[in-house]
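**Student:** Chains as they are written, first to last, in my numbering: chain D, 1 to 113; chain L, 114 to 233.
Please note that a few of the clues may not be correct.
What the hints assert, rightly or not - List of simulated lysine to any residue pairs, SDA-like, C-alpha gap at most 20 Å:
id: 1; chain 1: L; residue 1: Lys126; chain 2: L; residue 2: Glu195
id: 2; chain 1: L; residue 1: Lys136; chain 2: L; residue 2: Thr182
id: 3; chain 1: L; residue 1: Lys176; chain 2: D; residue 2: Ala97
id: 4; chain 1: D; residue 1: Lys44; chain 2: L; residue 2: Gly157
id: 5; chain 1: L; residue 1: Lys136; chain 2: L; residue 2: Gly157
id: 6; chain 1: L; residue 1: Lys132; chain 2: L; residue 2: Ala217
id: 7; chain 1: D; residue 1: Lys47; chain 2: L; residue 2: Thr182
id: 8; chain 1: D; residue 1: Lys47; chain 2: L; residue 2: Gln116
id: 9; chain 1: L; residue 1: Lys176; chain 2: D; residue 2: Gly70
id: 10; chain 1: D; residue 1: Lys47; chain 2: L; residue 2: Glu195
id: 11; chain 1: D; residue 1: Lys44; chain 2: L; residue 2: Tyr222
id: 12; chain 1: D; residue 1: Lys44; chain 2: L; residue 2: Lys126
id: 13; chain 1: D; residue 1: Lys47; chain 2: L; residue 2: Lys176
id: 14; chain 1: D; residue 1: Lys44; chain 2: L; residue 2: Gln152
id: 15; chain 1: D; residue 1: Lys44; chain 2: L; residue 2: Ser134
id: 16; chain 1: D; residue 1: Lys47; chain 2: L; residue 2: Val118
Calculated directly from the structure, the hints in this document are not laboratory data.
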Amino acid sequence: QSALTQPASVSGSPGQSITISCTGTNGDVGGYNLVSWYQQHPGKVPKLLIYEVTKRPSGVSFRFSGSKSGNTASLTISDIQAEDEADYYCCSYTNIAGFGSYVFGTGAKVTVL
Amino acid sequence: QVQLVQSGAEVKKPGASVKVSCKASGYTFTSYNIHWVRQAPGQGLEWMGIIYPSSGSTIYTQKFQGRVTMTRDTSTSTVYMELSSLSSEDTAVYFCAGEPYNRAYYFDYWGQGTLVTVSS
């Protein structure tokens with residue numbers, strides 16, 4: 001099971017919006033509405049931002065939103081702020097091996113200019 | 114509140130085994146499925162497998178089948194992940210992560226991570 005493909009880096013100036021893509025196959029991203037997104041600051045534990053493609057847990061800023069089209073999921077950060085500088089990972093459920101499992105994306109480093 | 118507290122850092126020699134624990138508190142132990150995720154230095158997250166504390170059943174990703182064993186002790190609300198035949202490529206931070214209910218398909222609570230270093 002290959003990792004989902006994310007851009008290595010994405011950058012934006014404070015106040016701008018950025019979008020991080022996450023490309024898989026119809027065996028994972030495209031086959032299920034079960035993509036989640038995680039934010040990880042250096043040396044810290046991953047934090048859940050989005051689940052089931054678009055849903056935001058309580059306490060997560062409304063500036064984070066998710067979407068999906070075909071085999072590509074996306075995370076958009078609106079009004080980007082300095083505190084958003086971190087690594088971001090997508091994750092999808094997959095049953096391609098004949099049993100339920102999960103695959104993460106390669107990770108995208110977000111830089112706030 | 115939900116907490117997952119992992120055991121401390123380990124240093125192992127190639128060929129050895131390591132057993133990492135993840136102690137749960139703040140919720141009914143059998144209600145959260147526990148996943149194990151690892152992260153090699155400077156690398157991304159990698160899903161290893163899941164244990165269902167209610168039954169003890171497990172699913173491991175193919176990469177680790179035959180080398181990983183996940184178990185649980187309901188009396189102490191603790192989940193264990195043992196990885197054998199270690200090599201330098203297993204040097205990583207190992208996280209336990211909680212899936213809040215069956216078929217939630219996401220991880221909303223994470224342990225603090227356990228650094229496992231494999232070195233001769």
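**Student:** If a hint holds in the structure, say so; if it doesn't, say that too.
**Tutor:** Hint check:
1. Lys126(L) x Glu195(L): holds, 15 Å
2. Lys136(L) x Thr182(L): Roughly 16 Å separates the two Cα atoms, so the pair holds.
3. Lys176(L) x Ala97(D): holds, 12 Å
4. Lys44(D) x Gly157(L): The hint holds at about 13 Å.
5. Lys136(L) x Gly157(L): violated, 24 Å
6. Lys132(L) x Ala217(L): violated, 27 Å
7. Lys47(D) x Thr182(L): Violated, because 26 Å separates the two Cα atoms, which is more than 20 Å.
8. Lys47(D) x Gln116(L): holds, 14 Å
9. Lys176(L) x Gly70(D): Distance of about 27 Å is beyond 20 Å: violated.
10. Lys47(D) x Glu195(L): Not OK: Lys47(D) and Glu195(L) at ~25 Å, beyond 20 Å, violated.
11. Lys44(D) x Tyr222(L): Given pair Lys44(D), Tyr222(L) holds - Cα atoms ~13 Å apart, limit 20 Å.
12. Lys44(D) x Lys126(L): violated, 26 Å
13. Lys47(D) x Lys176(L): violated, 25 Å
14. Lys44(D) x Gln152(L): At roughly 12 Å apart (the allowed maximum being 20 Å), Gln152(L) and Lys44(D) satisfy the hint.
15. Lys44(D) x Ser134(L): holds, 19 Å
16. Lys47(D) x Val118(L): holds, 16 Å
Hints 5, 6, 7, 9, 10, 12 and 13 from the earlier list are contradicted by this structure; the remaining hints agree with it.
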